[in-house]
Structure formats: C-alpha cells, structure tokens
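So the chains spell out like this:
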Amino acid sequence: MEERYDSWPVKAFTVSMIVWGLASLLYGVLISLQMVYPQLNFSEYFTYGRIRAIHTNGSALGFGLSGIFALTYYFVPRLSKAPLFAPGIAKAMFWFYNLTIVVAVITLSLGYSSSKEYAELEWPVDIMVVLVWVMYAINMLGTIFTKTVDKMYVSLWYIIASVLGVAILYIFNNLALPAGLFKSYSLYAGVNDANMQWWYGHNIVAMIFTAPILAIFFYFLPKVTGLPLYSHRLSLVAFWSLIFLYLWTGAHHLIWTPVPDWIQTVAIAFSIMLIAPSWGSVINGYLTMNGNWEQMRTNYLTKFFIMGITFYGLQTLQGPSQAIRSISSLIHYTDWVPGHVHMGTMGWFAMTIMASFYYVIPKLYKTDLYSVRLANLHFWLVFTGQIIYSITMWIAGIMQGAMWKATNPDGSLKYTIQDSITASYPYWDLRAVGGVIFIAGFIVFAWNMYKTIQSSKENEPAGSVKTAGAI
Amino acid sequence: MSDQSVNIVERKPLLMIVLALLVILIGSVITAFIPLFMESMEVKIDTVRPYTALELEGRDIYIREGCNNCHTQTVRPLRDEVLRYGEFSKSGEFAYDRPFLWGSKRTGPDLARIGGKYPDSWHVQHMKDPRSIVKDSNMPAYPWLETRPADAGSITARMKALQTLGVPYTDEEIAAAPAQLDGKTEMDAMVAYLQVLGTMIAKAPVETIEEPAPAPAPSDSAQVQ
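Protein sequence lines, in the order shown, are assigned to chains A and S. For reference, each letter of the first sequence is one residue, going 1 to 471 in our numbering. For reference, each letter of the second sequence is one residue, going 472 to 696 in our numbering.
Bound conformation, chain S alone (with noise of 0.2 Å):
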C-alpha cells in the first residue's frame, strides 16, 4: 500500500514535526480555539453583573487558598442536584469569571448557589472553626482570614486588568475600589464573595414533594426574588 509515502514521513523529522502539528491542531481548534468566538458559549443574562470590588477581593482570597480543589460551582441538571443546591448553572452566570472555580472534586458541598443561604455569621465562625458548627467536618480552619486586612493597595491594578480583559467596570468604579476596602479584613471579602454566588439569577421556586400543586399559580407570583 503507500508504504513508500508513510517511508518517508519516518525519514524526514521536519516533515513528521509538520504533520504531527496539523494533527494535534484539528481537534484543538474545532472543540477548544473555535468555540472563543460563539456565542453560544455564554448565553446573556441580563442580571449578572461583574463582581464589586469587595467581592472580587474574596473570590482571589477564595483562589489563593485553593478552595476549588474541594468546592465545585456547577449545579449539574441532575434532580437531586438541583433538590440539594438549587436552580441548575446557566452559561451566562459566568461570564465575569476569570479563571472559571467549577472544580472538579466535591469534597464538600457545591458552593455555585450559596449565596444567601446562611447568615454572614455563620460563614465567619464556619471558616473560623468549621467543626464548631459541623461537628464531622473535615475542612481545614482558616482563622486568619478575620485578623487580614482586605489588600486595597493592589485592588486598582487587579480591576483594571479585568477592565482591559472586556469587564465592564466603569474608571469611577475602580476609583472608588480601594475605599471599598478600607477598614475590611479577608473575612469581610470572602463572605461577600460567598453571599453573592448564585444570586444574580432569579431562582426557580423550590418544589416540595408533599404538595401536588392543586391549581397553577399566578405566573409572575411564582418568580419570586
């Protein structure tokens, strides 16, 4: 068969570099390089806005300290996902977020919807000492976060690299930043981080199984928040 031309390939390193390139390239471009400019990639929500500076300021603490490795945020449209942790993760709720925090392992619970959830409290004391609320819990205690205060110095730089990556912030946002962090600690940031996952949809009503919803409900009373 062509066994000469496959002959040649094996005797021409340039030829082989150049050929092995094309290769590896097809599958890159088509399902990772291409889909940088689809829309469908990350469909529009109108509500999701960038990250205040606050918020921002824990979501890097959140990355520092690796949280991801056990804390995915993807609700999956799996029913017992969206029973334990809410409305399924839509593309769009993601659009400010650089780099991504799905994870990958769910060490402990999924973190994409829960902002809201508990009292500003109760993060406080679980990052503090998370076993003095969950008696069982195997997270590490991150009691420094309450005596750090918030970096104010390097937040200017950080949102406008984010600015000039296409986040909409506004110059008078980014002015305003640093006074933003003015006499906050990490523990302020994270839990205003925490407290705004998930929330910039309106989340669907939670159904409980007891009741068989006898007569539809008004369509808009439904949509509460």
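Same shape as in the complex, but just chain A (with noise of 0.2 Å):
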C-alpha cells in the first residue's frame, strides 16, 4: 500500500527545507544583530538593505515553500488515494527549485531588487518562480484530478486554493516593464502601486503561511492524536469565508497613508470579520481534542500542534486588531510588526511544519525517531525563542510609536528619531538572543532528523512497516 506512493520529492524537500531554513534564520540573527551592531554590515553584499530580504524571502519562498512541498507530495497522493500525477516533474522541480532559490539569493546580494516586499525577485528571477509553481500546480492538482476517493478532505480544499491564489498574487503584484537583465519597472505607478503590492503582501501571508498551514494542520493533528476532525462543517465553513474574506483586507498595511478612504475602510472592516473563519481553524482543532487533553503530557506531538494553533489564533487576534485607524498610528512602522510576524512564522508555521516532520520521515524511513526528548528540547527551545522575540518586539514597538508622539507641554516633539533607536538597542539586542535560542531549536530537530533517517540505514532489513490508515 505504502509503496504506491513516491517518497523521493517528500525526501528531497526535507532536506531542502533544512538546508534553507538554517540559511534564512542565519540571516535572521545576522540583520538582528545589525540593528544594533552596524559594523556588521560586511560588504556591500551583506548590508541590512540588500540582506533583509534574503531573509524575508528565503524564510517564505525557501524555508516554507520546502517545507509545504515535501508534506504535501506526502499527503495529497494519500488523501486522494492516487499516485502522484507526475513523479519525473516533481523531480524535475526539486532541482529547478533549488537552482531558483540560489539565484535569488546571489541577485538579492548583488543588489538586484525590485523593492517590493517578498516579491524582490527581478523579473528573470520571477519567471523561475512562476515555472516552479506552475510545475508544483500540475502535480498537486493532476494527483486531485486523478483521485479514487469519494470526497475531498479539507487538507486538499486549502492545497487547491493555495495553488491558484499565490499564482494570481504573484503574477500580477510583478508584472514589470524591464529595462535590462536585472532590472524592469512596475506595471503601476504610486498609489496603485502601493495598493496592488499590499494585496499582494497580506494575500501571500494567507496563501503560504495560513491555507497550506491549515490544510497540514488538518491532515496531521488527527493522524498524529489519533482523534477525528471535530467538524468536516466547520471547516467547510472556515474554508470559504477565509478564502473570500482575506482578498479584501491588503490595504490594511496602508492605513493613513494617501490609498482612497474606502479601500482603507474596507480593508479594516474585513480584517475583522476574518476573526471568524480563523477561530473556526482554532476551535476545530481544540474540539478535536476534547476529552483527550491529556496528550498535551503524553504526545509530543499534540504539544507542537495545539501550540502552534493556538499561536495561530492570538496571530488572527492581534492583525485585525492592528488594522484599526488607532492602533494602526500607534505600532505601524514600528517593531510590534516584526514581533506579530514572528509570531505566526516562528510560533504557527514553523512548528506545524517541524512537528508533521517528526511524524512523516520516521514512517517514511520506516523506523523510530531518533530521540523523543531531543524534540521535547526542540519544542521548549523554538517556543521560548519565539516568545523573547515577540515579547521584546511588542514592547519595543510601543515604546517607539509613544517616543514618537511624545510632545512637551508646549507642543513641541519631545524626542528625536535617534532618541527612539537609542532606547531600543537592549531591546534589539534581546531580540537576537530570542533568534540564537530559537536557531538552537532549529538545530536540534535537524540533528534528530538526521540520525533518525541515519538509524534506518543501519538496520535496513529490521525496520519496522507501519501501516498507513487514510482519513
């Protein structure tokens, strides 16, 4: 039964996620410690303004996007119950992928940028990523198209909308006139361009970080607990509000600026009725638990999920927060928005991601984990990481946003932007703590992925074959 299904992309990606996800938080501490430590802007190539978006870029389109493709060439052959569409594209993929994401980062060094957030890529570049996607979309939705079940489970309903919304986002947030090999002016000028870089921005979050997240989610706490989805309704419900609502709500990064009233207004409004659908994803996973609470003592795992989930669910509390007009002048441009990010990516993405790992390699390898309480260090690291980071980001950021605003009893401004980055050096500095810890973490699931991929070499005729049980 196993054997139907291909490994080798699911294998391939592991260790690609790997190998970028310990590039990209490399770069992470490094423009951390930049901040505060300015002679460690070495060469031009490693100044904060061309490095921060390998890190940006390398955290979402080469630490996630590895990690989304290896467990989802792992679950939507076994959710549809068909082999994969097409083994050789997937293979053809990997190495394409890979060679894509080193372009980008020599082309980010070298100071060939577009500017615009997570979509700095020059244009050549973005036809690669636009061939990669399009390769990735044959076999996912070729593998759905050939399915033998009945039903589609919800993993698969994210996978579909995942699919199709990052190629609409990428596309036309990119489309560019160019005017060299490396470089090429934006399609939209000024307001419009701003407008159509923010749906972008705040869509790619939901497409990459939010549906195939959920959709991971969903497949692996129930394999992982061994307890039922709470309710298919519920999430069918989630599902399309999410999906319809979070298309409205860009402009919320654009609040006070010269973007039209309305487009801000509506953004704000459907920033908050996302509440709903989020917290349908958040109760469904707690009510899958219920009556079984006590695996958050027993099952390493169901520590990372209903971690993870729940960082989710303070994630989608505090964005539409932020988006309203008080808020929003208060912490934008500020350090609370690093530290709300940050949240999501090192708090729900990453461990969602990390945990399915500890289930998928160990059966695919078909032995044990190599150790359970190296994971329980690597939980305990990441989470008390995350927490340092978004905590000191939080406070950080409402220190500088009231600097900023600070006048004397004449009206005058009582600080200078210098006295608001002076006051947030230790700060800063507990920031990169946060990140080495967190990197720590990182670490120790890559060493425990290892032996354990290592141990099953080792005794390759004794391994254990576990059965598979779909949904």
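Each hint should be verified, as a subset may be incorrect.
Subject to a maximum C-alpha distance of 20 Å in a straight line, what follows is the list of computed EDC-like cross-link-like pairs (lysine to aspartate or glutamate) [claimed, not checked]:
id, chain 1, residue 1, chain 2, residue 2
1, A, Lys81, S, Glu558
2, A, Lys414, S, Asp607
3, S, Lys561, A, Asp261
4, A, Lys151, S, Asp607
5, S, Lys483, A, Asp150
6, A, Lys405, S, Glu558
7, S, Lys606, A, Asp419
8, S, Lys606, A, Asp429
9, S, Lys576, A, Asp429
Keep in mind the hints are simulated off the structure, nothing from the lab.
Both chains are given apart, each in its own frame, so use the hints to dock them into the complex.
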C-alpha cells in the first residue's frame, strides 16, 4: 500500500527545507544584530538593506515552500488515494526550485531588487518562480484530479486554494516592464503600486503561511493524536469564508496613507470579519482534542500542534486589531509589526511544519524517531525563542510609537528619531538572543532528523512497517 | 439543508477550482484591480514632474541598496508626523514612482520630505560615515557610492522603459540623459534624489506653538515656496 506513493520528493524537499531553513534563520540573526552593531554590515553584499530581503524571501520561498512541498507531496497522493501525477516533473521541479533559490540569493546580494516586499526578485527570477509553481500545480491538481476517493478532505481544498491564490498574487503584483537584464519598472505607479503590493503582501501570507499550513494541520493533527477532526461542516464554512474575506484586507497595511479612505475602511472591516473563519479553524482544532487533553503531556507532537494553532489564534486576533486606525497610528512602522509577524512564522508556521516532519520522516524511513527527548528540547527552545522575540518587539514597538508621538507641554516634539533608536538597542539585543535560541532549537531538530534517517539505513532489513491508515 | 450541493463541490475538483477562483477574485477585483482605473487613486498635482536622469539614477541606487527597508516615504496626517516631517503626503506626489517606495518599517526617519532639509555635504558625509554625524546611529555606511560612476550606459534604456509605461519623458530628454550622468558618481545621484524628495509641492508654513497668530496674514504671503 505505502509503496504506491512516491517518497522521493518528500525526502528531497525535507533536505532543502533544513538547508534553506538554517540559512534564512542565520540571515535573520545577522540582520537582527546589524540593528545594534552596524559594523556587522560586511561589504555591500551583506548590508542590512540587501540581506533583509534574503531573510524574508528565504523564509517564505526557501524554508516555507520547501516544507510545504515536502508535506504536500506526502499527503496529497494519500488523501487522493492516487499515485503522484507526474513523479518526473516533481524531480525536475526539485532541482529547478533549488536553482531558483540559489539565483535568488545571489541576485539579491548583488542588489538586483524590485524593492516590493516579499516580491523583491527581479523579472528573470520571477519567471523561474512561476515555472516552479506551474510544475507544482501540475502535480497537485493532477493528483487530485485522478483521485479514487469520493470526497476531498479539507486539506485538499486548502491546497487547491493555495495553488490558485499564489499564482494570481505573484503574477499580478510582479508585472513589470524590463529595462535591462536585472532591472524593471512596475506596471503600476505610486498609490496603485502600493495598493497592489499590499494586496499581494498580505495575501501571500494567506496563501503560503495560512492555507497550506491549515491543510497540514488538519491532516496531521488527527494522524498524530488518533482523533477524528471535530467538525467537517465547521472546516467547510471556515474554508470558504477565509478565502473570500482575506483578499479584501491588503490595504490595512496602508492605513493613514494616500490610498483612498474607502479602500482602507473596507480593508479594516474585512480584517475584523476575518477573525471568524480563523477562529473557526482554531476551535475545530481545540475541540478535536476534547476529552483527550492529557495528550498535551503524553504525546510530544500534540504539544507542537496545539501550541501552533494557539499562536495562529493569537495572531489572527492581533492582526485585525492592528488594522484599526487608532491602533495603527501607534504601532505601524514600529517593531511591533515584526513581533506580530514572527509569532505567525516562528510560532504557528514553524511548529506545525516541524511537528509534521517528526511524524513523516520515521514513517518514510520505516524506523522510530531517534530521540523524543531531543524533540521535546526542540519544542521548548523554539517556544522560548519565539516568546522572547515577540514580547521584546511588542514592548519596543509601543515604546517607539509612544516616543514618536510624545510632546512637551509647549506642544513641541519631545524626542528625536535617534532617541527612539537608542532606547531600542536593549530590546534589539534581546531579540537576537531569542533568535539564537530559536536557531539552537532548529539545529536540534535537524540533528534529530539526520540521526533518524541514519538509523534506518543501519537497520535496513529490520525496519518495522507501519500501516498508513488513510483518513 | 443544501448538503447535496455541497457534496458535489467536494467530489468534483474542477468545480471546486472554478468556485475557489471566483471567491478569491471578488475581493481582488474590487479592492485591487478596479482602482487601477479610478482617477481618485491619483489626484493630479501640476507641480509634480518626472525625475531627472540624475534623480532617477539616484532612485534606482536607493532601490538597489534597499533603503526602503528602514526608511518610509509617506508622512501620515497625524499631528506628530506633520510636526516632525512636514506636510502629509498626497496621492498625486507619487504619480511617477515606479515602484512606490513607501516602505513598511521606520527604523530611521521618514524621508518623504527630506529634500532641502540638509545641505548636500551633510548627505555625503552622512552616507559615507553615518556615525560621524549622528553618534548612536545604526545606519550602514555606504562608502562605495562616492567612488563609483553613475551608470550612464543603461540610463537610456531605463528612461525609455518608463516612457513606454507613460512617464512623459520627451525623446530629447532621453537623448540628453547619458551626458547628464557624465562625470557624476553614485553619491551625486543619491544626493540629487534625496534633495528632490517632497519638494514638488508647495509646503504649508510650519506652525510654531508659541505664536498665537494674532491677525490672519495676507493669504499669498503665507504660501512661500
């Protein structure tokens, strides 16, 4: 039964997930230190302005997508009860994707950037990304089309939405006229360019860090806990309302800018409505555990998934509140925002992804996890690292916002911008500490994976075959 | 209820793809695509002009170095921001900005109105060695800008691309562009760009708190510059 499913892409993308994950985390720690120690801007290829994009693109397109590719190549054929549609294309995609990431890192280091956030890659690299996505879409949609199960499980819906959503967002936001091999100008100007960019910027988070991660969560939580999903209907309602509401909210990144008020107000209203489907998924996860909460103590993987969905729940309350005009006027442009973002990426995204690998890798290599103790250590390291990161940035962000607004009794401004930077240094130092702890956790995870795979090779014949058990 | 119809969507991948596509596109079309054709997105300001060749070169270097990662370019209509930076930003000011450079993080100050605030020599020294001017600054130093020539070779192609996109450059302006970059460094270009930022509209007079404005001043003398 297991043998019908091609495990090569899963294994291969697991390796690239670990490599790009480590690289983008290291870039992250470097830029966090550059905020305090500007002498760490080694040469032009490692200045903050250039490598911040390597950290963000590396995390989303390198770390994030590798993890999503590996896990969807695992569960989409299983949920469809059909072999992978085109294993050859998956193989080609793996190599071409990694080439694309290498080219991305090199071109960003050289300063070839279109400057639009999470879409900095210049047009030739954009075309490579689109080709990767086409190859991925062929395999995902092709496998789902040849399904032999009657109904598609909720995870497949989210993958369908993600495949479509990323394509639309990426292509429309990156439309530009080339003016040289690595230079182009956006098809849109000024206010429209800003509006298009944040329609993209916010929704690429929906289509990379939300929809596929919910798919992964809804597949692996029942697998890991042995408990059926609480409500099929709730997941259905949450799915359709999520993909409907999300696309209206991009302009909440543009509150108080020259973007017309109606677009801002619509974005604020829809952001608040978005709480409902987000919490629909959170509640579905929590109620799946109903009566079995002792697993938080007894099953190390339950801990990852439930903390992951909890961070998602906090994230989706914090996000809409940030969209409100008065709150935005205080925290927008401050360090509050990276604090918010990293709760989603280091908390919800990374925990859910890595927990799934603890389940998948021993299964594929027909062995047991090398060390549950190390997995627990990993949990507490990434948890601590994330908490330190977010809390220091929330405090620093409110401090910066308040300092910018503060006035003397005569009405003049109380602080210069440099005053707020100087006051932020201790928080930025602490943030780097949080990042280092998080990386330590990631290295523990990578080591655990390596030893697990190695142990399977040592006892090749003795490996115990586990049954797959479809949902 | 409508369980039967729901079941069909769950069984038919093609139907789900079509429906998901429609659902995703509704918000996208209304909030992102339709505004592309609305005049209210960009209220025209007569005094706003396209960037000169040197300013454009500076802007492209600003993009290359990722200055927008730490510096925003929009003054919000909030009391403290108008006090700190000047007149709040207007949509028409960005008519020729491709891409926009508003940024999302304000680690350093907003630069939307930096033009004319400091002399050229201040900017040169500040970019070469930020800490020689602001002691505790965390800005990276950009010494290489001073030694590199501005890219006269590609300026024609760049301006032509912008012309195709609708920026009203004349063919004469484009033909004259390489000569304007001749002998200029990247630093010259950056300074030219920074010095034009925010200067294309008439600035409102900055209100000082001590003066209770005894009598209304003659209307046009208040609009200096």
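A quick look at each hint next to the structure:
1. Lys81(A) / Glu558(S): Distance of about 62 Å is beyond 20 Å: violated.
2. Lys414(A) / Asp607(S): 18 Å, holds
3. Lys561(S) / Asp261(A): 13 Å, holds
4. Lys151(A) / Asp607(S): The given pair, whose Cα atoms are some 62 Å apart, is violated under the 20 Å limit.
5. Lys483(S) / Asp150(A): 9 Å, holds
6. Lys405(A) / Glu558(S): Between Lys405(A) and Glu558(S) the Cα gap is close to 16 Å, so the pair holds against 20 Å.
7. Lys606(S) / Asp419(A): 11 Å, holds
8. Lys606(S) / Asp429(A): Measuring from Cα to Cα gives roughly 19 Å; hence the hint holds.
9. Lys576(S) / Asp429(A): 18 Å, holds
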